[in-house]
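Build out the structure end to end from the sequences listed, making use of the hints.
Letter by letter, the chains look like this.
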Amino acid sequence: MRSRFSTIAIHAVLLGYTALALFPIILVVMNSMKMKRAIFLSPLTPPGPASFDLIGYHRVFSDGAIGTYYMNSIIVTLGTIFFTLLFGAMAGFALSEYKFRFNKLLGLYLSIGIMVPIRLGSVAIISLVSGMNMINTLSALICVYVAQNLPLAVFILSEFVHQIPKDLREAARCDGLSEYNIFFHIILPLLRPAMATVAVFTMIPVWNDLWFPLLLAPSGGKQTITLGVQQFLGQYVTDWNAVLAALSTAIIPVLIFYVLFSRQLIRGLTSGAVK
Amino acid sequence: MAQVSITSLQKSYGSVDVLKDINLEVEDGSFVVLVGPSGCGKSTLLRSIAGLEAVNGGAISIGGKRVNDLAPAKREIAMVFQSYALYPHMDVEKNMGFGLRFAGTPKQEVAARVAEAARILQLEALLKRRPRELSGGQRQRVAIGRAIVRKPQVFLFDEPLSNLDAALRVNTRVEIAKLHKLLGATIIYVTHDQVEAMTLADKIVVMNQGRIEQAGKPLDLYYRPANTFVANFIGSPAMNMVEIEVTGKNKARTLAGGELGVPLPARAKAGDRLTLGARPEHLTLGAPGKGLTGQLDLVERLGEVGYAHLDMAGGGRFIVEVRGDVKAKRGDKVGVVPDPAKLHLFDANGKACAS
Ligand SMILES: Nc1ncnc2c1ncn2[C@@H]1O[C@H](COP(=O)(O)OP(=O)(O)OP(=O)(O)O)[C@@H](O)[C@H]1O
Ligand SMILES: [Mg+2]
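Top line first, the protein sequences correspond to chains A and B. So that you can map any letter, position 256 of the first sequence is 256 in the numbering used here, and since no number is skipped, the others follow by simple counting. So the numbering used here is basically just the index in the second sequence, starting at one, shifted up by 275.
Among these hints, one or two may not hold up.
As the list claims (entries may be wrong) - Non-contacting residues of chain B with respect to chain A, defined by C-beta distances greater than 10 Å in every case (computed):
#	residue
1	G314
2	K340
3	P347
4	Q357
5	H364
6	R421
7	K478
8	N483
9	K617
As the list claims (entries may be wrong) - Computed cross-link-like contacts, DSS-like style, restricted to lysine-lysine with a CA-CA straight-line distance of at most 30 Å:
#	chain 1	residue 1	chain 2	residue 2
10	B	K340	A	K166
11	A	K166	B	K349
12	B	K403	A	K166
13	A	K166	B	K295
14	B	K626	B	K565
15	A	K99	B	K349
Unchecked claim - Incomplete in silico selection of chain B near chain A, CB under 10 Å:
#	residue
16	V291
17	A325
18	A360
19	A422
20	R425
21	G581
22	Y582
The hints are simulated quantities; they were obtained by calculation from the structure and are not laboratory data. For every residue, glycine included, the Cβ atom is placed at its ideal position computed from N, Cα and C.
Now the structure itself:
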């Protein structure tokens with residue numbers, strides 16, 4: 001048995017870390033509900049009756065464009081997750097199921113992307129995207145993000161496909177399923193926990209990214225929310241209430257996605273397939 | 276149902292030959308059991324018949340139709356895996372009907388066939404459960420049910436009972452035998468278990484290192500093994516073997532010097548070396564000096580019968596079946612007297628001598 005002391009110590013460390021991680025978020029949410037003066041005079045106090053004010057939220061929601069920006073972010077994130085998971089699982093299945101000549105080499109090639117940051121290729125990406133007349137489109141963003149996230153997804157998912165017993169696929173083959181049906185009806189359902197993991201990994205950096213929206217979709221109503229918030233940051237005046245309110249509301253969709261995916265994270269789905 | 280015939284089948288993984296020139300006839304409606312030591316290629320043969328492995332040479336035909344290039348589903352076979360391989364995300368009913376649904380069978384017919392299989396296997400109460408909520412024996416039955424609903428020409432079983440405990444194994448074995456009668460199906464069955472092989476099979480196929488050593492009725496294999504390998508493999512405890520030298524007509528001696536009177540084949544000449552085999556139940560213990568000589572090591576009592584383990588003069592160990600009390604004690608010299616009518620003789624290549 002673990003001693004009482006070490007239990008307390010572990011919890012203390014974990015609580016400390018949680019506080020540290022949550023502090024900036026709490027600060028943003030707290031201050032988003034205060035008057036401008038209060039934000040600057042006492043940034044660390046929670047909103048009280050004297051300082052409480054939702055003016056930031058009013059300004060955000062009365063700005064017609066902000067809603068579009070939210071939508072853009074959601075479309076880009078969900079689109080990225082969808083294609084990353086689909087192609088990642090397909091590639092993972094192919095790499096671990098079929099033995100062909102350059103199997104290992106192809107696997108290695110696909111995972112190089114984990115080590116090379118895609119931003120190094122920004123200039124090439126811009127010229128590619130503009131050459132294809134895709135500047136200021138959400139599809140351009142989705143394509144780039146899928147490319148960015150695919151290597152890790154393939155890497156993780158092919159490991160998981162490997163763990164699915166070979167007998168299952170062969171039973172399905174005896175049952176007369178085509179390879180596509182094996183993938184969609186046997187492999188995909190069993191990969192759900194793994195795909196949820198990959199979805200969470202993929203989602204957060206995409207949602208928060210500022211770099212590619214700035215380069216590839218900076219205007220034309222195709223801004224994502226992280227970029228859209230910039231309109232409240234002026235060269236001379238910054239509407240801090242609106243900035244903080246917009247950031248606070250931007251947390252909510254990610255939180256919802258996270259809860260949805262983490263439900264799927266419950267393992268043990270494959271148990272019972274084989275003894 | 277259909278007959279399966281395999282001619283000159285070859286299969287290799289890279290440079291390793293796993294199946295070498297397999298020839299096998301499985302009659303319509305018969306129950307054929309494949310046995311052999313681990314790694315001899317039983318599963319590979321079964322998977323080749325199923326179409327899960329591509330073969331390098333030879334032909335497989337099912338019901339008179341060559342199936343070498345057909346996909347597993349087109350061969351009208353159903354395979355029951357050792358691991359059961361039930362789809363974990365589907366309930367029992369879906370598991371059983373899955374293949375049919377994909378074959379485009381009408382819904383009502385799928386439901387009817389699943390219900391029928393569930394009735395035969397007593398799975399009706401479990402239809403809505405997921406595989407993980409079933410016991411090992413129930414999973415096994417679902418796996419068999421999944422095979423039944425497809426009404427295949429041939430059933431292939433790969434060690435289906437090896438994950439069950441002893442009692443359940445006996446039950447399920449009986450169930451499978453009944454099922455075979457009921458469906459009149461052609462079954463090819465791989466097992467490690469001698470009892471399963473002897474009780475279920477119409478025909479046992481003994482494999483070794485990718486070859487078929489002998490195929491025949493269970494008792495034929497037991498009483499007339501074609502070579503030392505089969506003699507050793509079939510029967511438990513294994514057959515006792517000792518090398519002898521022919522000294523005259525129907526006379527021989529062991530290398531340790533014991534004289535024996537054995538019925539020898541006519542063409543045996545003095546000086547020939549043969550291998551003599553005798554099953555434990557065809558040997559009796561006697562006074563020292565009679566027959567072969569050995570030293571008693573221990574006696575295992577299993578109730579009415581027991582097995583005496585002996586260290587033989589000239590090396591090797593014998594196991595002799597004993598009934599009732601054994602007077603000799605550990606370390607005592609005893610004689611081992613074979614029943615001359617029940618002996619097996621093998622030539623220098625290990626082939627049985629025609630007697
Ligand atoms: N995918 C593979 N690649 C290379 N060699 C293989 C492969 N599968 C099986 N083998 C080899 O083929 C031989 C036969 O294997 P197989 O599985 O048919 O044996 P088995 O008789 O079923 O044994 P067991 O009784 O242990 O199940 C073994 O020596 C094994 O090492
Ligand atoms: Mg095997």
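Going through the hints against the structure:
| no. | hint | verdict |
| --- | --- | --- |
| 1 | G314 | 18 Å, holds |
| 2 | K340 | 17 Å, holds |
| 3 | P347 | 5 Å, violated |
| 4 | Q357 | 8 Å, violated |
| 5 | H364 | 4 Å, violated |
| 6 | R421 | 8 Å, violated |
| 7 | K478 | 24 Å, holds |
| 8 | N483 | 25 Å, holds |
| 9 | K617 | 42 Å, holds |
| 10 | B:K340 x A:K166 | 28 Å, holds |
| 11 | A:K166 x B:K349 | 20 Å, holds |
| 12 | B:K403 x A:K166 | 25 Å, holds |
| 13 | A:K166 x B:K295 | 25 Å, holds |
| 14 | B:K626 x B:K565 | 28 Å, holds |
| 15 | A:K99 x B:K349 | 23 Å, holds |
| 16 | V291 | 15 Å, violated |
| 17 | A325 | 6 Å, holds |
| 18 | A360 | 4 Å, holds |
| 19 | A422 | 9 Å, holds |
| 20 | R425 | 8 Å, holds |
| 21 | G581 | 36 Å, violated |
| 22 | Y582 | 33 Å, violated |
The structure fails to meet hints 3, 4, 5, 6, 16, 21 and 22 from the earlier list, while all remaining hints are met.
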